[in-house]
Amino acid sequence: MIAGLDLGPVVLILALGVWTILARDTFAAAVGFIAYGLLLTLAWVRLHGVDVALTEAAIGGGLTGALLIGAATRLRPTEATARAETPGAFTRVLAALVAALVSAALMICVLALPDPAPTLAPEVAANIAVTEVGNPITAVLLAFRAMDTLLEAIVLLFALIGVWSLAPDRVWGGRPGPRQYADPNGILAYVARVLPPIGIVVGMYIFWVGADHPGGKFQGATIIAAMWLLTIMAGLTDAPPISRTWLRVGLVAGPLVFIAIGFAGAVTAGAFLAYPVGYAKPLIIAIELALMPSLALVLALMLAGAPQRTAS
Amino acid sequence: MTLLLDLFTIVAVTAGAFFFLAGTVGLLRFPDAFTRLHALTKADNLGLGLVILGLLPRVDSAFTGLKLICVWLFVLLSGSVASQLIARAERRRETRT
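Residue numbers (our numbering), protein chains in the order written: chain A, 1 to 312; chain B, 1 to 97.
No wet-lab data here; the hints were simulated from the structure.
There's no promise every hint is true.
Simulated restraints on C-beta separations [to be verified]:
#1 B:F63 to A:L236: 27 to 35 Å
#2 A:A82 to B:F34: 31 to 39 Å
#3 B:R92 to A:C109: 44 to 52 Å
Residues of chain B placed beyond 12 Å of chain A at every Cβ, according to the derived structure [claimed, not checked]:
#4 L55
#5 A62
#6 L68
All C-beta atoms, glycine included, are put in the ideal place defined by N, C-alpha and C.
Using the sequences provided together with the hints, build the complete structure.
Given below as structure tokens:
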């Protein structure tokens, strides 16, 4: 009975994955990808990976989906001409060959995995008490593998710089996206007034509860970024010019605090990103508190896109 | 008493699933955007509402039950806003053509 219930989502995920690849229309493929992300979230919940499920829903389905829809909308005018250009037989055969080779290599790798899989979970469980954090995922992300999280935060900054660098010279330092004018008494303005207070509380809750339960700064920051974007879309506020000092300070503050605490660890605890005994939890919370606003800013600005008009 | 509660859950969740099914059939079969939206809102409002109503007797704390009701209210809010926006966009497209 349970196996039958699991089979449904498995079939749906595979079918939707194939459909997303085969769909000729870019917009339809983007929508298929979002539905695929939501189904994947369900699969992670079934595997008891609630942290991964939350991240998949927030970043994989939500944020990436919105980015893809934005890209599909921009590509729409050129889509007909792009589709009219069919590649030659040689290119097609080559593409099929490369795709088949990659798939075969992946399949061989999966089949060659040792069984049972090598795991560090018992060591995490044995040492988690040192960090005073209750959620093993948070312990891994911010204590045992803090380096990965630091690099992740910095990679996001680089991605934002990449988005900004697409701006034409004359609007450099200006505001991203077009100015939004929505009916101030309309439904969008209404929901942009009602939802953000609740969304901010939910975002902070998910961030705070991450110490002991599924949740954390990434998921919380995504929700808060979404609330900000909602008010921008409803025309209640305008996107800030990217040349603002407060904005740039906010963007780098989180990673800078992380790096500073890392170097302090080199002095006080003997290794980069090590925490002195007894101070692990306060330092982890300090890092998360500093990272969250930076992440919310990065994620929101990435969705807002490259500057399109001058600051005035 | 537990039997009654179990029965209540089964009936309510089944009724909710029925509304989801009906909403999906409507989404696939109805001719234009407005009637499709109409079918979809039934799944959101009644379908999810009945599923959550059926799950309420099974929660272990009042806080969890409150969270479930909040989930329903948020889906109601986002569903009604999204269908308003889609309907407006559709009407604008119709008047243009």
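(message) 31 to 39 Å was suggested as the range; check whether the CB atoms of A82 (chain A) and F34 (chain B) agree with it.
(response) 33 Å, holds
(request) Quick one: work out the minimum CB distance from L55 (chain B) to chain A and report holds if it exceeds 12 Å, violated otherwise. (result) 15 Å, holds
(request) Could you check that no beta carbon of chain A comes within 12 Å of the beta carbon of A62 (chain B)? (result) 17 Å, holds
(request) With 12 Å as the threshold, tell me whether L68 (chain B) passes as away from chain A on beta-carbon distances. (result) 15 Å, holds
(request) Using the Cβ atoms, figure out if F63 (chain B) sits within 27 to 35 Å of L236 (chain A). (result) 32 Å, holds
(message) Given the hint of 44 to 52 Å, is the C-beta distance from R92 (chain B) to C109 (chain A) inside that range or not?
(response) 51 Å, holds
Hint check: no violations occur; every hint is consistent with the structure.
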